[in-house]
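Engineer: As a plain string of letters, each chain reads:
6 protein chains.
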Amino acid sequence: MPEPVVLLVEDEPLVLLVAQDALEAGGYKVLPVQISSEALGVVDSRIGELSGLVTDIRLPGGPDGWEIARHAREFRPDLPVVYTTADSAADWPVKGVPNSVVVQKPYAGAQLLTAISTLMTTADTNRTS
Amino acid sequence: MPEPVVLLVEDEPLVLLVAQDALEAGGYKVLPVQISSEALGVVDSRIGELSGLVTDIRLPGGPDGWEIARHAREFRPDLPVVYTTADSAADWPVKGVPNSVVVQKPYAGAQLLTAISTLMTTADTNRTS
Amino acid sequence: MPEPVVLLVEDEPLVLLVAQDALEAGGYKVLPVQISSEALGVVDSRIGELSGLVTDIRLPGGPDGWEIARHAREFRPDLPVVYTTADSAADWPVKGVPNSVVVQKPYAGAQLLTAISTLMTTADTNRTS
Amino acid sequence: MPEPVVLLVEDEPLVLLVAQDALEAGGYKVLPVQISSEALGVVDSRIGELSGLVTDIRLPGGPDGWEIARHAREFRPDLPVVYTTADSAADWPVKGVPNSVVVQKPYAGAQLLTAISTLMTTADTNRTS
Amino acid sequence: MPEPVVLLVEDEPLVLLVAQDALEAGGYKVLPVQISSEALGVVDSRIGELSGLVTDIRLPGGPDGWEIARHAREFRPDLPVVYTTADSAADWPVKGVPNSVVVQKPYAGAQLLTAISTLMTTADTNRTS
Amino acid sequence: MPEPVVLLVEDEPLVLLVAQDALEAGGYKVLPVQISSEALGVVDSRIGELSGLVTDIRLPGGPDGWEIARHAREFRPDLPVVYTTADSAADWPVKGVPNSVVVQKPYAGAQLLTAISTLMTTADTNRTS
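Chains as they are written, first to last, in our numbering: chain F, 94 to 222; chain Z, 94 to 222; chain U, 94 to 222; chain H, 94 to 222; chain L, 94 to 222; chain B, 94 to 222.
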């Protein structure tokens, strides 16, 4: 059975590692990306492979997590989205996409895993009707 | 007891009437607006009075319903938002705000009333914690 | 604005009247049916018009409410379904369809109205993604 | 069809009237009580008749709304509970009962009606399993 | 502390292995069954031991997953049910039981684990009232 | 990245071990407490560090789990609370705090992990608005 693929965008290497480990231990294949402009490229070229997006909000340089999520949702309206953040959660009611969640940093790996898994099952179940 | 105020943005006069009647029958005071640029003005000048927003999405001229809702949420992150639309619902996963709902046209008055009332109670209850 | 149509199946005339009044007062057009075999006919011939189904479970003669709902869902997988019943609720976990609710008799009109309206908005909102 | 009965506890006469009107218009029979010690008596003597409780929190004299709700839940663990309040919502996470909601004053009648109706349908549906 | 038991029905050996590993790693005892008629037998003889059911939908020979779930629910109306499927999800709105979810194949082990755990906690919590 | 801290109250050493292992494997730091009066002390002195509470209900000697949870909620109204119990779940509708869940013993470690993680993400997401 191939593994569902999650795009993981996080510029801090240690946090990226924790998140990637947790998602892989849960049976996901992870596409880790540290540079946000690259994340847009992955969305453009590999959207068909993706089952979910986990993205940090504040990212140096290019687009932020809010933009990456909206970009991905244009191609995949039901893509599960988890935002992770230390200080930008207050913008979620304005800049977040519907049916997404916020996980505050510092987080436990199980929070990411539970959040993305729950959103994927909800999307799977809604898609049937 | 003063009545909670709902900003209602709808350019079609007959639909506006149905919606306003339903909301007033349910005990809300309605601020009806037909011109979308005017809706932004009401948000700017009277945001403190508002308990909810019901907005059509496609509006002639000025900003659309997506923009009005985001503008209102900047000032009031927990403002209940109901979008009404005949043909623009497909953009909700990209352009909608979190914790909002879509009511497809044609709708029954009870749908608006139930939707905005449910969102208001959820906001009241979440605000406590 | 045309009114959304609800198929209402109820063999007791007085209960039918209470339910029909409540739904019409909320802005729905009601197709009232007292004979359950007739309900299947309405589903077959007018499914495209329907926005929701409210059905009693125990019905004399023909199919019961469980069957009517499953029949309607075959054509319209996202059709909102409200079951009303005095004594058959215990079969819901086995015979009910997903994303439906049970309203116990005797009920208040507002329960029907709130239940069908909530399910319709959820279906409208999910359909966007 | 007899009407489901809601115990309504509110010491302000005008607010009581608005609430009672809204609930009765929705098809509920209302037991209005203005004195909180009397509310406990109604719970003790007529709990079997009740389908729901709507209670103000701050009440002069006797027990407050938090106590009334806990008292009623001892006899009826699945009783729907709606708290109404102008200034005591902040205590809900400590003093409220599970599966209850808070409606802030001033409220629209439709908020009460939608809140109690939604909780009753959820209780009806959960009771089946 | 004995482990809660999940009946796992899956005819593909490799998928069964992934699912069993994930559930066992999460602390469940798994009753793995590859032949669907045997699944009915386990339901009949050991229903009292079961805390949840995870079942593939399309199964060679005997009954399919829809039937196994309905059969189990007749004895245990609140049994958590997770359907897994590559191509039969579209029938869920007609053939699924209420309060169940669909997990699309290919899935990550964490999806199964999160889905069954969430349903079990909801059932535990609802059972109290 | 520091780990979110969960206060875990459980007087049975073996159950404590299973729970602690599950939470730590999910990336939480656990404060294990076997004596309930000590749990109140931890709440008093370290509430600012806590991200969640998992507590057994029936505890020898001092306060029970219902009291510990209410005490913690006084300081942290949005603290996620998971109750674990073999025989006291029936009191949850009266003695539990809102937005909490019950996990029946015997449980799988994944149930605790999923329950606390889901509540934490909900709290994180609601806190934004």
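Just so you know, these hints were derived from the structure itself, not from any lab.
It should be emphasised that the depicted structure is a prediction, and the values quoted were computed from it without experimental measurement.
Hints may be right or wrong, so weigh each one.
When chains are identical, the list treats them as one kind, so a pair holds in a single copy or across two.
As the list claims (entries may be wrong) - Derived lysine to any residue pairs resembling SDA-like cross-links, with alpha carbons at most 25 Å apart:
hint, residue 1, residue 2
1, 122, 184
2, 198, 137
3, 122, 180
Engineer: Is it within, between, both or neither when you check residue 122 against residue 184 at 25 Å Cα-Cα?
Structural biologist: Close neither inside one copy (29 Å) nor across copies (28 Å); limit 25 Å.
Engineer: With identical chains treated as interchangeable, where does the CA-CA distance between residue 122 and residue 180 reach 25 Å or less: within a copy, between copies, both, or neither?
Structural biologist: Result: close only across copies, 22 Å inter versus 28 Å intra.
Engineer: State whether the alpha carbon distance between residue 198 and residue 137 is at most 25 Å within one copy, between copies, both, or neither.
Structural biologist: Only across copies: residue 198 and residue 137 sit 24 Å apart there, 28 Å inside one copy, limit 25 Å.
Violated hint for the displayed structure: number 1, the only one.
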